[in-house]
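The listed protein sequences correspond, in order, to chains A and B. For reference, each letter of the first sequence is one residue, going 177 to 587 in this note's numbering. For reference, each letter of the second sequence is one residue, going 177 to 587 in this note's numbering.
There's no promise every hint is true.
Dumping the calculated DSS-like pairs for lysine-lysine here, alpha-carbon to alpha-carbon at most 30 Å [stated by the list, open to error]:
no.	chain 1	residue 1	chain 2	residue 2
1	A	Lys-336	A	Lys-407
2	A	Lys-230	B	Lys-349
3	A	Lys-582	A	Lys-535
4	A	Lys-476	B	Lys-258
5	B	Lys-235	A	Lys-200
6	A	Lys-476	B	Lys-235
7	A	Lys-230	B	Lys-258
If you're looking for bench data, these hints aren't it; they were derived computationally from the structure.
Each chain, written out:
There are 2 protein chains.
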Amino acid sequence: MNLEGILSDVGRNLRSSLIRELLKYASVPGSISFGGGVPDPNTFPRHELAEIAKEVIEKEYAYTLQYNTTEGDDQLATQIVKLLERTYGITGVGRENLLFTTGSQQALDLIARVLLDKDSICFVEFPVYLGAASAFRMTFTRFESVPLEEDGMDVNYLEKKLEELDKNGLIKKVKFIYTVPNFHNPAGVTMSLEKRKRLIEIAEKYDILILEDDPYGMLRFEGEHLPSLYKLAGPDRVVLLNTFSKILTPGLRIGIIIGRADIVRKATMAKQAADLCSPSLNQRIAARYLERYDLFEQLKPGIELYRKKKDVMIKALEENFADIKGAKWVNPQGGLFIWLTLPEGFDTMEMFEIAKEKKIYYIPGEAFTIDDGKSSSMRLSFCLPPEEKIVEGVKRLREVVEEYGKKKGLI
Amino acid sequence: MNLEGILSDVGRNLRSSLIRELLKYASVPGSISFGGGVPDPNTFPRHELAEIAKEVIEKEYAYTLQYNTTEGDDQLATQIVKLLERTYGITGVGRENLLFTTGSQQALDLIARVLLDKDSICFVEFPVYLGAASAFRMTFTRFESVPLEEDGMDVNYLEKKLEELDKNGLIKKVKFIYTVPNFHNPAGVTMSLEKRKRLIEIAEKYDILILEDDPYGMLRFEGEHLPSLYKLAGPDRVVLLNTFSKILTPGLRIGIIIGRADIVRKATMAKQAADLCSPSLNQRIAARYLERYDLFEQLKPGIELYRKKKDVMIKALEENFADIKGAKWVNPQGGLFIWLTLPEGFDTMEMFEIAKEKKIYYIPGEAFTIDDGKSSSMRLSFCLPPEEKIVEGVKRLREVVEEYGKKKGLI
C-alpha cells in the first residue's frame with residue numbers, strides 16, 4: 177500500500193520542524209548550542225516535586241491514577257485562579273473559564289481547530305512563534321503577518337491590513353490576532369502599554385478576538401510588569417494562554433486556556449475528541465506544589481540565573497558584533513531569547529553550514545517565517561549553556577559571520 | 177462578539193459526549209452505575225508507582241521534568257518491544273514503528289488527521305467505540321458501519337459494501353477499516369480467528385489499511401488468546417493501537433501507535449503540531465515499572481476481580497432477564513463490558529428517564545451509533561461496582577425495563 181495515496185490534505189501538508197532537524201547536530205561533542213528554548217533543569221524544584229508525586233500517588237491514587245475530566249483538575253483550577261490574580265491582577269475567573277491542556281501547544285491547536293477554516297484569516301506576528309504557526313497551519317488558514325518593532329507589533333500596519341480586508345468584504349473571515357506580548361519568542365521584544373491599548377482599540381473596532389500567549393511573562397529581569405491584554409480588555413475580547421513550562425517545569429506538560437466560557441467549552445469538546453484528558457497525576461502535582469510553595473519566591477533564583485546569562489550574552493555580543501555595521505540585537509527585559517539581526521544580504525540558513533563546522537548552533541530566522549522566507553536574523557537562546565560557553569559561543573558565532581560575510585562579499 | 181460567527185466548521189459541529197452528560201447523574205447518593213468504563217483503582221499498583229515516581233523525579237529530573245521528544249521515551253520503547261513480543265508474538269518492531277500518544281484517544285485523532293478528508297470513507301463497526309467515532313468525526317469523513325455479530329464484524333457485509341464502492345469508483349476514498357477485535361467496547365464480542373483471516377483477505381483484495389484497536393486484549397478471563405490482526409497480516413496492512421489505561425493505569429495517559437515507519441512518522445509530525453510531546457515523567461514511570469515488575473503477574477488479580485464481577489453480572493442477568501422474550505446479552509470472554517439487548521421497540525435512551533428515577537445507570541446504545549439512531553441495546557460495565565451492587569443494580573434494571581415495557585405495551 178502506498179501511503180501517499182491515502183494521506184489526507186493535512187497529512188500531505190505536514191512537515192518536520194526545522195528546529196528539530198537543526199538541533200540534531202547540537203549533540204556533537206564540543207558543540208555549543210544557542211538553539212533550544214528549553215529551561216535549565218537546575219531551576220526545577222525536583223526534591224519538592226518528587227515528594228509530592230509520591231504522596232499524591234500513594235494517597236490520592238483513585239484520582240491521580242484514574243482518568244481525569246477533560247477540563248482538568250479542580251484543585252489546580254483553584255490555584256490558578258489565585259495565581260492569575262497575583263500575577264496579572266485578573267479577577268472573576270471561574271471554573272468554566274479554564275481548560276487545562278497538554279502544554280500550550282495543545283491550547284494553540286484546540287483554538288485553531290474550533291475557530292479556523294481553510295478560508296479563514298488569522299493575524300500573526302513576524303517573526304512568528306513557530307509552534308503557533310505549525311498548529312494553525314494544519315487548518316490551512318490564510319496567514320497575515322504583522323511586523324514586530326522594538327515595542328511590539330506594528331499596530332498601524334495591522335490597522336491598515338484590517339481596513340483593506342474590511343473594504344474587500346473579508347473582515348468576517350478574520351478569526352483572531354495572535355500575539356506574544358512579553359519577551360517574544362523569537363524576537364525578544366515586549367509590547368508597550370501604548371501599543372497594547374491601541375491593539376485593543378483596533379480589535380474592538382473590527383470586533384476581532386485577540387489570542388494572547390504569555391509563557392514568559394513571569395520571567396522578567398528588569399523594568400516594570402505591563403498589564404496583560406486580557407486584563408486590559410477583558411475576557412470578551414481576549415483569550416489568554418499560559419503554561420507551567422517556563423515557570424515550573426515543561427515535563428508536567430500543563431498549558432491553560434483562560435477565556436470566555438463559550439470558547440472554553442468548545443475547546444473542551446475538541447479536547448475530548450483529541451485526547452479525552454490530560455493526566456490527572458501531573459495536574460495534581462502542580463496543584464499541591466502551588467498550595468505549599470510560593471511560586472514567585474521559587475522563581476527568583478531561576479530568573480536571576482537567566483538574567484545573568486542574558487547579560488553575559490549581551491556583553492559578548494557588544495564585544496564581538498559592535499564593529500559589524502548593520503548588525504543589531506534586542507536586549508530583552510525577560511524571557512529566554514535574543515534576536516540577532518545581521519546586515520542585509522546575510523542568509524542565516526545558508527550560513528548554518530559554516531556554524532555546523534564551527535560547532536555553534538542557533539535557529540535561523542527562516543524558521544520563524546510563515547513562508548520559509550530567507551532571513552538575516554537568528555534566535556539565540558541563553559538559558560541552557562553555562563556562562564563561559566555563552567562567551568565562547570558568541571566568539572565562534574563571530575567567526576562564522578566573518579567567514580560567511582567575506583565569502584559572500586558582505587563585510 | 178458572537179462566538180457562532182467565528183467558529184470553524186469543526187467548532188460548530190462539535191457536541192458534548194452523551195456519556196459525559198449521562199454520567200453526571202451517577203454521583204447521586206444511592207446510585208448504582210454500570211455506566212463508566214473506567215478500571216477499578218484497586219487494581220492500580222500504587223505503592224510501586226509512587227516509589228518509582230519519586231525516584232525518577234529525584235534522579236532523572238533532567239529528563240523527567242524536561243520537554244520530551246515527540247516520539248516519546250526510548251526506554252519505554254525498549255520495554256514495549258519486549259511486551260509486544262510476549263503479548264502478541266510480534267517481532268521486528270523498531271523505534272521508528274512506535275509513537276507514544278496521550279492515551280489511545282490521541283492515537284485515534286492523529287491517525288484521523290493524517291488520513292481522513294471530508295470526502296474520505298472509513299469503515300467502523302456497529303455499534304462503534306464512540307471515542308473513535310468522535311475523533312474521526314472531526315474530519316467530516318463519511319462513515320460506513322459494519323454490523324457486529326457474535327464472532328465479530330459481519331465480513332460478508334463489509335465485502336459487499338467494498339464491492340459496491342469499487343463499482344462506483346469510490347474505493348480509493350476508503351482510508352481504513354477500524355476494528356476493536358477483542359472484547360469489543362461496547363458490544364463485548366471477540367472476532368473469531370476465521371473472521372480475522374477473512375478480514376485481512378478482504379483488506380488485501382481492495383488494498384485497504386486496517387486500524388486495529390486493542391485496549392482490552394490482555395484482560396482475557398477465559399478461552400484462548402487469538403492472534404492479533406497485526407501479527408497475522410503484518411505492519412504493511414495493519415496499524416495497531418494500544419494503551420496502558422486498562423492494563424496499568426489510565427492516569428498516566430499513555431497510548432501507543434505501532435505501525436509502518438512512514439505512517440508513524442506522519443502521525444509524529446501531526447503530534448508535534450498538536451501538543452509537541454506527551455509528558456516524559458509519565459512515560460519513564462511506565463518504563464521503570466515494566467523493567468522491574470512482571471506486568472502479566474501484576475495483572476492476574478485484576479483479571480480475576482473482573483472475571484468474578486462479570487460472572488456475577490451474567491448470573492444476575494440470567495436470573496432477572498431470562499423470562500423477557502427477545503432479551504439477550506453477550507457473555508464476554510474478557511474486557512469490561514456486557515451488551516444487553518432488549519426486545520424490539522425498546523428505546524434505551526427514552527427508558528433512561530425511568531432508570532434515573534430508580535438510580536441505576538447504563539449507557540444507551542444510541543451513544544454507540546454514528547447517526548444517533550434509536551437503540552434497544554445498552555452497555556453495562558461491571559468493572560467498578562462491588563459484587564452486591566451488581567446484583568442489586570441488575571434487579572433495579574429489571575424494574576426499569578418492566579415499568580417502561582408495560583407503559584409502552586412491549587411486555
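| said: Next pair to validate is Lys-230/A with Lys-258/B; report whether the Cα-Cα distance is within 30 Å. | reply: holds (27 Å)
| Given the proposed pairing of Lys-230/A with Lys-349/B, does the C-alpha separation stay at or below 30 Å? | violated (50 Å)
| request: Could you grab the alpha-carbon distance between Lys-336/A and Lys-407/A and see if it respects the 30 Å cut-off? | output: holds (26 Å)
| Satisfaction of hint between Lys-535/A and Lys-582/A, Cα-Cα up to 30 Å | Roughly 19 Å separates the two Cα atoms, so the pair holds.
| message | Can you confirm whether the C-alpha distance between Lys-235/B and Lys-200/A stays at or below 30 Å? | response | holds (25 Å)
| said: Next pair to validate is Lys-476/A with Lys-258/B; report whether the Cα-Cα distance is within 30 Å. | reply: Status violated; Cα separation ~45 Å.
| Does the alpha-carbon distance linking Lys-476/A and Lys-235/B stay inside the 30 Å limit? | Distance of about 23 Å is within 30 Å: holds.
Going down the numbered hints, you'll see the structure goes against 2, 4, while the others check out.
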